[in-house]
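**Q** Sequence:
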Amino acid sequence: MKSYQAKLHWISYWKAGILMIIGFIGVPFFIIGIMLGRLFDILGIISIIFTLIFLMGLFRFMYLKSIKIYLSDNYLTISGGVLGKWCTNIEVEKIEGCFVNQSLLGLKLGFGTVQIYTQGGKELSLYIKDPNKLTQLLKGGAK
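Going by full-length UniProt numbering, the sequence shown opens with residue 1, and the numbers climb by one from there.
Treat the hints as calculated values from the structure; they're not laboratory data. As the structure is a prediction and not an experimental result, all values here were calculated from the model. Treat the hints with care, since some could be wrong.
DSSO-like, lysine-lysine: derived pairs with alpha carbons at most 30 angstroms apart [stated by the list, open to error]:
#1 65 - 139
#2 108 - 7
#3 129 - 85
#4 108 - 85
#5 133 - 65
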């Protein structure tokens, strides 16, 4: 088997997008509040809250963009991180089962959740594009 890279589906980013859109309302007020020196009145505090919401969405977006999912002959490797890096390597032989969950919207748009169960009792849940392909490759690699 050649190496395969699974990709997160664009729908994975919807929460981050909503947070950034809502939070973006407060960013101009935050900048104006800094320039006028009125950051601690009621509008300044509200603008700080909205700016923090924007930053939460931005951080979530960057975190999701950093996630990489690779399948090689022997390992399923999942890595990511924004400020720090993390990496999980799972031997394909130790994978006991895979479960694919696709909603009606997921079937139409081509995304779903893959849950991977290993011998050590570890469970991973991946929200990816074309989950059936990854599952088929895992089943083929485990034989």
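**Q** The structure should be examined with respect to each hint, and the outcome stated for every one.
**A** Here's how the hints hold up against the structure:
Note on residue 65 and residue 139: the hinted pairing holds, with a Cα-Cα distance of about 27 angstroms set against a maximum of 30 angstroms. Straight-line distance between C-alpha atoms of residue 108 and residue 7 comes to about 17 angstroms, which keeps the hinted pair within the 30 angstroms bound. Using a Cα cut-off of 30 angstroms, the hinted pair residue 129 and residue 85 holds, with the two alpha carbons roughly 23 angstroms apart. Proposed proximity of residue 108 and residue 85 is contradicted: the alpha carbons are some 33 angstroms apart, above 30 angstroms.
At roughly 21 angstroms between alpha-carbon atoms, residue 133 and residue 65 fall within 30 angstroms of each other, so this suggested pair holds.
In summary, the structure is inconsistent with hint 4 from the numbered list given earlier, while agreeing with all the others.
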